[in-house]
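Each protein sequence line maps, in turn, to chains H and B.
Take 1 as the starting number for the first sequence in this note's numbering and just add one per residue.
Take 1 as the starting number for the second sequence in this note's numbering and just add one per residue.
Keep in mind the hints are simulated off the structure, nothing from the lab.
On a predicted model such as this, the values are computed, not experimentally measured, just so you know.
One thing to keep in mind: the hints can contain errors.
[Claimed, not checked] Stretch by stretch, here's where chain H covers chain B in the computed footprint (C-beta under 8 Å, at least three residues):
hint	region
1	9-22
2	45-52
3	138-144
4	222-229
No residue lacks a Cβ here, since even glycine has one placed at the ideal position from N, Cα and C.
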Amino acid sequence: MHPEVVVPDKADDVKLVERIAGGDADALGELYDRYGRVAFGVLYRMLPGPEAAEEVAQDAFHSVWRQARSYRAERGSVRTWLLAICRNAAIDWRRTRGKRLEREVTIEAAAELLSDAKVDERVVDRLRAAHVRAVVGQLPREQREVLALAFWGGYSQSEIAARTGTPLGTVKSRVRLAMNKLRESLEDER
Amino acid sequence: MNQERHPTEDLPAYALGALDRDEREVIARHIETCATCARDLAQFEEALFEAAAVGAVNVDPPTDLRTRIVLRHRGARVPSATSWSDRAIEFLRSPVPAAVPIALAILLVVALGVVGASRQQADSYARALAGVADGRVVALAPTGANPDARAAVVIPTQGSPYLIVRLPAPPTGKAWEAWVLKAGSSGPVAVPAGTAERGDVFTLSLSAPLGAGEGVAITLEPASGSAQPTTQPVLLVEKT
């Protein structure tokens, strides 16, 4: 039998960030308890190996510490804020610290937005994860591919166009359609 | 709300991080002053990062990562949230005594020098790491004594492991000393592995053998070196 999974409450998340903003390092640890695993999992997929993911995870939580006072709840959830910080830290790593060959994630490796891995239910509960999978699964393959290449691979629209031999206008259109669909479908039941 | 054209078409790609640098900067500036686009962006990001959370690899982070993150920040100061632009506006609105501009001009020159030197150090460190041709690179974590300290162990496919380090110059009579942490019956045993009396960005060859999975630490010691660490590590990785 699985232990009961408690999905963090958004208001509690905001209180945690307020404590971090007040200089409470233990609150940073509690935020790590909630989202450290998924943050590491995102970085692990964006970067070439566990060492890089570990290094960038530390940088990202340091950025959380530094930016805690700038967090604005009306601009998004703590989970999104933290994962955006992780994504930006990974992009920085790729540009400045990654060895030349490591900076690039191959088109094949990045080409699918979702993985088959079990989701951390403290971050997204099982039903919601199934819904997200269904929404993403309904996107045309080409749209899923551009999302994945941009997000996991770090490719810009013009790079995707060049590497896949697709007209830039088509890539832009696929990004727009896919993101709008994600937004509409995932916002509805939130 | 500002009067520019809303970048509605490009906002999804901006949220996705798929714009080139110039396009990104234009939209970032717009969002700072446009509540409508900021709200739209937030909705795109909520959806995208929820999908990312489902798409993440389900893998255990290193067991000591939480401890290192917390220890690094215990007792550290949280920077002010007020943006530089807000602070500049606030400053310009306040009355200024006559001597202040001169003092500020001097401070600005000094500050520019410090910032320039600091950025140069960060760039040199990044270049040094980027120049590693092969092998494995394992970062040491700053422990809080010097949050800006950086070091990484380079374990080449051929040849001896070495450190790439970014640290300030040690005080007179002191040196940075590297240690290889070997497993002992009652905890890790620190074996001296070289000293450096310099600062900035430098490399330091490990004079002690580094076995698979052994840790590395750097402490501040007397320039003559110590047989055992006498201060807390400024940089540490428990397992390479």
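Mind listing which of the numbered hints don't hold for this structure, in increasing order? Hint 4 contradicted; others consistent.
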